[in-house]
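Trainee: Given the structure of chain Y, go ahead and fit chains A, W and V onto it with the hints provided.
Chain by chain, the residues:
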Amino acid sequence: MSIVMTTRPPEAPSNKVASFKPTLLQTEEHHLCPGCGEPVAIRLVLEVIEELGLAQKNVSIIGHGCYGSFIMTMDVDSTLCLHGRAPAVATGLKRMRPEVAVWTLQGDGDMTSEGLAEILHATARGENITCILLNNGVFGDTGGQMTASSVIGQRTKNTLEGRDAAYHGYPIVIGDMVAAMPGSAFVARGSVHNAASIAATRRLIRKGFQRQMEKKGLSLVEILTMCPTGWFVPASGGADYMMESLGKTYPLGEIKDIAATEQA
Amino acid sequence: MSCTPNRKPVALGPPATGRGYLELDLFISGIGGQGIQLIGKSLALAAIKDSRHVMLAGEYGGHMRGGSSIGTVVIGAKPLKALPILPHAGSAIAMSHLFWERVGSRLRPGSFVLAEETVAADLPDMEQHRLVKLPATAIATELGSRMAAGMVMLGAFAALTGAVEIDSAVAAMAEQIPSYRRQHIEANERAIRAGAASVTPMAFAVDLDAREVA
Amino acid sequence: MRQVTRGTLVIDADRCKGCELCIVACPPRVLTMSRTGNATGYLYPELAPGCTGCTACQQVCPDFVFEVYKYHEPIVSGSDAERMQ
Amino acid sequence: MTMRLMDGSEAIVEAAIQAGLRFYAGYPMSPATELLEYMAEKLPHHEGVCINAATEIEGINMALGAAAGGFRAASGSCGQGLALMQEAIAEAALNETPIVIFNMARNQQDYFQATRGGGWGDYRTITLAPKDLHEAVEHAQLAFHLADKYRVPVIFMGDNLLARTQMGTTLPQLDLAPLPPKDWQLDGTSGGTGKSRQIWTFGCGKTNDPGPGPSKHWERIAAKFDAIAEVEARYEEGFTDDAETLVVAFGSGGKFVEHVVREMRADGHKVGYFRPVTLWPYPGEALERASQGCKRVLVFELNAGQMIDDVRLNVHDRKLVKAIGGVSFDESGLNLGPLMDATVIRERIELAIHGASK
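In order, the protein sequence lines correspond to chains Y, A, W and V.
Per this note's numbering, the very first residue in the first sequence carries number -19; after that it's consecutive.
Per this note's numbering, the very first residue in the second sequence carries number 3; after that it's consecutive.
Per this note's numbering, the very first residue in the third sequence carries number 11; after that it's consecutive.
Per this note's numbering, the very first residue in the fourth sequence carries number 818; after that it's consecutive.
It cannot be assumed that every hint is accurate.
Computed spacing ranges between beta-carbons, pair by pair [said to hold, decoys possible]: (1) V:845 x A:169: 36 to 46 Å; (2) V:1012 x Y:33: 11 to 21 Å; (3) V:1036 x Y:-9: 44 to 54 Å; (4) Y:150 x V:1026: 40 to 50 Å; (5) V:1040 x W:39: 52 to 62 Å; (6) V:1122 x A:133: 15 to 25 Å.
No lab work stands behind these hints: they were computed from the structure.
Heads up, the beta-carbon is just placed ideally off N, CA and C, and yes, glycines get one too.
Bound-form chain Y, shown alone (with noise of 0.2 Å):
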């Protein structure tokens, strides 16, 4: 089969229709592992802010995980704040600015592990941010152990036969959680394991932007990445690896949107 030239842009008359990365990102570097999700959620994330008109009015709080080196690379005003914090560092800046679009982006060892009561006592507040989500079931960080995210079965490196309900106990499904509380605006679960998925969840996630902007309340997006790393699968088999595992538990679509609510 023939193979096309793909080093330079091509000659005949086109229309650039994607870049490598989001003009948000300062480069398309990262150490990330082959075949993790986080950089496509992250895209996501950049390409709906400057979409929205937030480039230059908003601030990104990370927790602690993997991502969190895209401190280094996103070009938005960012600080990396305590493991498990990041919604409480968020509501006091939010608090102080409310004009500005304050986002959280948190690991699912970060939010429902270590900080289950910053992101449940920002729901019951109302707080206006978005929280963004990035749920693989495994502290990818740390090299793949268990979350309070990480599925019946889903074998780690402390749970080398599987996460048993007996003995581990089970996953928290935070979004439904978020989702039951007053004071969530907009509760999503995406996933970036396919080209349509993606495209979905970019939606979401403009959602629970628009959701803060229009003080509705708090917006978690929780966005199922892969972790072919933590997982011990291979990279290329990552996407259906998680689905078959993740997303049995954690089905995709919108959990809860107040806009819907208001008109219906």
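Mentor: Okay, now just chains A, W and V, sitting in the frame of chain Y:
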């Protein structure tokens, strides 16, 4: 700080030494609750109105549960040197003889003690102090508000010592009464004025604005 | 065989980490993995004629190695000879 | 301003708001509760926010967020609550977020906590320990000034006596030098400019503008604390020129000791007092000088012996140092106990001078 000196003499017991200027230091002793605290706070607020320097401290622990309640008030013309826990004082108001040990043991000899008449007999060692007895509860009862006995004592203390103006004491009391208890203001005012009217100012007045004699 | 190519890519192959997510994401199935490694030893995607410029590869790529172009006029068959290697 | 009668908690809150405090998040705990209540009451009248946090951990992290946004922010509690905040206090030191932490302590057992800290890393916390309400009013202003000046956390350490004793005050304002604008604050306006801002403990900066990285970043912060130690130590002393007995105490204890020493001086005793106003930086050189020629250095503190370590480190002869304080609570366990009493302190000083035989 603007602090117009009030030249009015203030009567008190023997002054504490080492403070530079004279300070009126007072314990208010009784059984837990707001009566004692209200006397202390009214005195302190009134003194502020009279442009004095003031400290008001309580001894905490039992006062919310009906136990001992001791209030401390210090009034002076200059920034105060007194400690928030007074090792000793020169005057006292006694609403009860219960829990008196904490106060009595800390009175300097020759202190001025204003005591509710019915408890005065139960206060030990009064021969070394200047005791003034006042039937505050009887006066308050006659006015139709027995609970205002503390206010009678407040009025009497103010009049006896000249520590604060009577009008300042009334205003200070009124501003502390919560809105849902406005009806008590009038009764309290009558009690303060009745207390003031029931005594004659003491002869052994000391000028708070005078520098302490070494 | 007549082949319509509506778009094309620039692939920053040396930054590719070889995860292969783009291979399955590509609707016209015109991406295949290379046989030899890039600068860091990873296999990387190569493009065959028939790209539609849909951006699916670019969207799924965690390493931002794709840039996507759409031709003003589709290229038919092998007429894009100058871009062949 | 005319004189107003306030308890220490209210005076501190008023002074802090005057000093520009706009955000407070706390959790009730006696005797810091009133501070939270006054904050909740007063901050909304000054375009400020007070949040009843779910935990001390949440509260201090909220304050970190508000401070990162460029606002004067604080949290507070008493020692146990501050124990929960240690990670965030260290974080504030290492990522250079200026915040103030009010510790309305139950006693004086938080000295190590404040001066040594329980967080990780090479950091220090400037700790102000006012002796009474009037000094607390000054310290409430100074705390925010120092926090902003150096981009550090500052601990304001009072106690329940300070919190609850009411005094007349005009809330005098300190004349503090103006500070440069906060060009580091996260106001959200720098995205996409290539000059976006960052607050990060690891100090690595952005790709297009790399920072020094963790090792050099923390080295620089350690050097900053050394520089603070050089210039920000504060103390008060009296009668130290010819004192044979020097009594060292802090906070309310320092006020009591000063009172007792003045009394004893009036009675002819060669006694002096030394009060560190900043617990960190510890005014060690001043103490060394003040203790020259003394026959004994007595340390009065309401704990089992904490500041005494710093006294021993700094006096010219550590063998002269003797503790005369101790653990002292009332029966509720919440308040200063019987040792915080001028009569007791005098007895203990006299016992140390004359020996048990007297």
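Trainee: Next step is simple, just say for each hint if it's right about the structure.
Mentor: Each hint tested on the structure:
1. Taking the beta carbon of each, residue 845 of chain V and residue 169 of chain A are about 38 Å apart, inside 36 to 46 Å as hinted.
2. Range check, residue 1012 of chain V to residue 33 of chain Y: about 19 Å between beta-carbon atoms, so the 11 to 21 Å window is met.
3. Between residue 1036 of chain V and residue -9 of chain Y the Cβ separation comes to about 53 Å, which falls inside the hinted range of 44 to 54 Å.
4. Range check, residue 150 of chain Y to residue 1026 of chain V: about 45 Å between beta-carbon atoms, so the 40 to 50 Å window is met.
5. At about 60 Å, the beta-carbon gap between residue 1040 of chain V and residue 39 of chain W stays in the expected band of 52 to 62 Å.
6. The supplied range of 15 to 25 Å is broken by residue 1122 of chain V and residue 133 of chain A, whose beta-carbon atoms lie about 45 Å from each other.
The earlier numbered hint that this structure contradicts is number 6, and it is the only one.
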